[in-house]
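For chain A, the structure is supplied; the task is to place chains B and C with the ligands on it using the hints.
Residue-level listing of the chains:
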Amino acid sequence: MYPFTFIKAPTESAALAAGAQGGKYIAGGTTLVDLMRETVERPGKVVDITALPYREIESGPSALRVGALVRMADLAAHPVVRSRFPVISQALELSASAQLRNMATIGGNIMQRPRCLYFRDVTAACNRRAPGTGCAAIGGENRGHAVLGTSDQCVATHPSDLAVALVALDAVVLLRSRDGDRRIPVAEFIRRPGTTPDKEHDLRPGELIVGIEVPGGAHTARSGYLKVRDRQSYEFALASAAVALDIRDGVIRDARVAVGGVATVPWRLSDVERLLIGKAPGAELWAAASAHAADGAKPLHGNGFKVELAKRTVERQLASIGGAA
Amino acid sequence: MAQGTPESDRSLTLTRRQFVGAVTTTAGLATTGGSASATEDGVPVSLTVNGKHHAVVVDARTSLLDLLREDLQLTGTHKGCDQGACGACTVLLDGRRINSCLTLAVMHDGAELTTIEGLAEGGELHPLQRAFIDTDAFQCGYCTAGQIMSGVGCIREGHCGSGTEIREWMSGNICRCGAYQNIVAAVQQAAKES
Amino acid sequence: MTDMATGTPLSRVDGLLKVTGGADYAADHNPPGLLHAVLVTSTVSRATITGIDTAKARALPGVADVITDFGGVKLPFPAGEISFFGQPVAIALAGTLQQAQHAASVVAVRVTEKPAVTSMDDRQAIAVPSEEVADYARGDADAALKAGPIVLDNSFTVARENHNPMELPATVAQWSGDELTVWDKTQWVQGTGKHIAAALDVPESSVRVICPFIGGAFGSAGRTWPHQVLAAYAARRVKRPVKLVLTRKQMYSGVGYRPESRQRLALAAGADGRITGIVHELKTETARYEAYSEDAAELPKMLYTSPNVRSTYRLVPVDVSAGTFMRGPGFVTGAFALESTLDELAERVDIDPVELRLRNVADRNQITGTPFTQERFADCLRRGAEAFGWARRRPPKARREGNLLIGMGMASAAHPNYMSAASAVARINADGTAVVASATADMGPGTATAMSQLAADGLGLPVAKVRAMLGDSTLPTAPMHAGSATLASIGSAVHTASVAVRDAVVRMAVLDPASPLYQADPATVTVHNGVMSAPGHGSERYGDVLRRHGKDSIDSTQTWKPGDGKKASSYEFGAVFAEVSVDIRLGLVRIRRMRGVYDIGRVVNPKLAHSQAIGGLVGGIGMALLESTARDHRDGRIVNANMADYLVPVHADVPDLEAEFLDGADTASTPIGVKGAAELVIIGVPAAIANAVYNATGVRVRDLPITLDKLL
Ligand SMILES: Cc1cc2nc3c(=O)[nH]c(=O)nc-3n(C[C@H](O)[C@H](O)[C@H](O)COP(=O)(O)OP(=O)(O)OC[C@H]3O[C@@H](n4cnc5c(N)ncnc54)[C@H](O)[C@@H]3O)c2cc1C
Ligand code: FES
Ligand code: FES
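Chains as they are written, first to last, in this note's numbering: chain A, 41 to 365; chain B, 786 to 979; chain C, 79 to 790.
Bear in mind the hints are in silico, worked out from the structure with no lab data behind them. Every residue gets a Cβ at the ideal spot worked out from N, C-alpha and C, and that includes glycine.
Some chain B residues flagged as far from chain A (calculated, every beta-carbon gap over 12 Å): (1) K837; (2) A840; (3) D856; (4) G907; (5) D919; (6) G946; (7) A970; (8) Q973; (9) K977.
From the structure, some residues in chain A lie toward chain B, with a derived Cβ separation under 10 Å: (10) T45; (11) G68; (12) G69; (13) T70; (14) V73; (15) D74; (16) M76; (17) V86; (18) A113; (19) S137; (20) R141; (21) M143; (22) A144; (23) S273.
Pairwise CB distance ranges, derived in the manner of DEER restraints: (24) A:P119 with C:R472: 40 to 46 Å; (25) A:P119 with C:P87: 42 to 48 Å; (26) B:S947 with C:R472: 25 to 31 Å; (27) B:K977 with A:D311: 47 to 53 Å; (28) A:S360 with C:R670: 19 to 25 Å; (29) A:R244 with C:A137: 34 to 40 Å; (30) B:S947 with C:A456: 37 to 43 Å.
Chain A extracted, bound-state conformation (with noise of 0.2 Å):
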């Protein structure tokens, strides 16, 4: 690990004040520890925001509001949460293990980094570690790559399955930099990798993620994960899915599904949601909207699988949350 200075903030000004000479925020830090000690990161200034007040769990009539700092392992088991908004819950306790669960921060989560093995490796060429250099990952060993979103620049699959909740229910990004406060989607917010991977996100220097916020509805309560991988446990996913459905009157009002594991990003299926909605929920409809859940895929040479794997786990998914018949 290369030195640093560490800075604990003991105010959100101090933070921000910290950030922007260039300090790099550590909350969990199960991310950052784990990448400076490969030395992939090597922040000269380490700032501590875990003293700042972004702690709290606020569910209004409409929307979910979480602060940056709330331990992945709280926000999952807040009973509104478990029962309005289960998707993610799902989703946070089906990642990592709970010892990470108890440090790892909401915050972190949606800003932690590739998994890519080569990203990793500071010995391997990698465009978003060190752009330029080429991306090692396209011709070489990439089962857990993704089929989705990648370029000639990078195939790296985003980690999180929280995020993947989060871009399913159209969740926001709250952002507070000493310019003021930004709004932003998740979905927008985690970026393609395109012509420029190691711009991983839209976060400005020195600005703070200070919560989420998550429109809830109908369909939010009606709405789960289903993480596919190799290992039962403690495993990233090969694919995943995250739907959520309002179904009345035997109609599909509305329809939520996201991928996760195949894409370099989490990974929103709009036009499965279209085939989806105004029908009636029912074994044929799951195949036959989910025959176009990895529509635009370009598979690598080491995990084509994941094509077939992405539909099967969409209606999977879609027949666990609508019902099988």
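Frame of chain A, contents of chains B and C with the ligands only:
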């Protein structure tokens, strides 16, 4: 890439790639009202471990795990990966189970820590420690401290409703010796007692 | 004696230390003045080193030295050259671990790269005969294949695997003058002492190696690896104690692996299911600088009656680090091909897989022709089938529960009962306690506990009065703690030494006019709770006679040697049964239940043996479903060299498993009736699971691990 190609001198690309951004900044403390400390000079931290107060000055890079093992000589907590991927380093931080390898010691000024060495009270083993012996919940014993601390956390969190639930909530602790079912039995036994 | 310690489910004697954090593993030693050492390793697979820039590292605070000159130490690969990705090329030493890690990360190695071949499937990788495993033939197997009528001819692959014990390899080396003390992670303290001495060119007697606890190893700490030698070398150079701990990543190239393998297994049989011919052609990868072969050819030659067998084993040297034995080495690989093929044969001839095996069971070793010391293979098969409810097995694809297909599979397991000469000392103290000791080790099976139990019975003392010592090279000579040979060998030595020292005290008593046992026939003297007595005589304690003779203690060191094995073949047998579910659409395989039934001779401690057996099943589940060391053959790097990406089973993957041991002692093999278990318990597992997956889905997967992409 290398196969069949003529011998080449790749040394420059290799080393340069390795050292992008190698320059160290330790100077220039922020004028923000925050408390700042440079790595090499050491950062004072005081924390309570197993009821005992410690005030130390550490390199800011020191993980909580390395602080325990190398500075405080509490070697009962083990390092299996140093990447949050095995659970061997599990301790209770302010009562909650965490991986001590993925957090910086300097972030825990004033914290209260319990490690495997502090679990027994007044010479009495914790019920989970006893259960581990009874059910033979280990072979080599290397993952054991982490399993037990995690098990204590799991019981406190109330995730011991069934074997399946324990299995899921203990999955952050790898046992390569494969003592899993005996560990689950031990957690179940201790959960009943508490 | 009625209340024997042997055979009772005693809790581990070191359990208390393990649950309180008191067990000392190698990296737990922090002698004063310690320097932390971190290895710098190569990032190419084959090259000549042209220079190593250490200036930047040396200038960092706390850095004591950066050693790049390995000239003064013998390493298995040529100096100045890079022979594999991840080879140690420099050592950074500093006052704190953080300083040493950082220093190592800024050392720059300049190389002139050479073309490297790291894949055994590369066209430039040339297979060569193994010097250790000779070609073998009996009868004419190729003719048998032509004759049929039933012929199966398939290829099998097994991915490279890393042992991944939870403990990181660690060495703490401290010189005092010319004497070296090493706290090390090793399965063989005396071997490591010898090898470090040879590598540093110092007398063997000047090196002491200590390792009372091993945090798992599974073969990875058997031989002495470069980092162990380099730690001692660095400590000598800097004249300070040095602690060197490998990172998890460095373990993947630093302490061996189960080599990747390619097998062709062709089998001919009659319609009655009797095997008429087997052709087994096998290849494994190996380092160029060091050949490692394993016994993957043994079982297809040995296990079943087949008049015709042809077997060849080839090594494929490539630019990779050296492989080594990993639990069930070779046997589990060969068994995967053989037992999968038998499953296919069973279906072809429409005979139940258990019955098919019973028809082909051999009553003698098919290679040597010698009978087995104890032949309970068929018993394992029958008992396993009964206890598992094998009769409920249905044809392929016939059982479905919701989205899950359910299937059952089974496989045989067998492993030679390896034994080596071993020594132990037993000491009886006048205060009624006793000590047994041997330079063996305990990486988890419970060596110390079993030693205590055997000694207690040999000495006529309660276990609580006996202390077992191991893990110190100054103790009586022991073989490597490997090959599942430990209990059979060390246990026999402990038993022999215990009986010898008991007899010595008994002799003292019967010759001593002051003893109530004076002139008793020694053969009639029994010892119970440390009290000697004989019919028609009085009784007295060990301590009474020792004290009269002015002794605090008496000891005996004995060496036990196994027989030459020429008359009978000593083998362990087993049968493994598995039930799996496979998600019909998602391809996810989950273990529902498993049972292993084993013949391992006498079971010294059923509780610990059960733990060892379920541990083997868990290891086998990993091999069957998860484990694979992923490499990028463009430059030979191991890409998943960490515990988040190299997957081993976690709690959620493992249901309650059952293991059972057939009653009985194999006294023809060892005086204590014990045979080995450690390797046996993994051997049939991957095949049983693969067969269960077939039974569930109708899909035969011949490439390990069986991941979901193979079943979509
Ligand atoms: C072994 C392992 C397995 C895992 N498995 C999973 C999994 O299955 N699913 C999953 O989703 N995740 C998984 N994770 C990732 C884990 O969820 C993340 O590491 C964690 O959520 C990051 O949160 P943190 O608070 O620890 O972030 P930190 O490490 O503290 O920070 C991460 C990044 O976010 C920035 N940051 C943090 N907070 C803020 C803020 N408020 N404002 C601005 N920037 C901020 C930091 O500067 C840093 O760049 C796993 C991690 C490990 C180590
Ligand atoms: S050492 Fe911390 S999780 Fe492995
Ligand atoms: S007891 Fe050895 S790793 Fe768990």
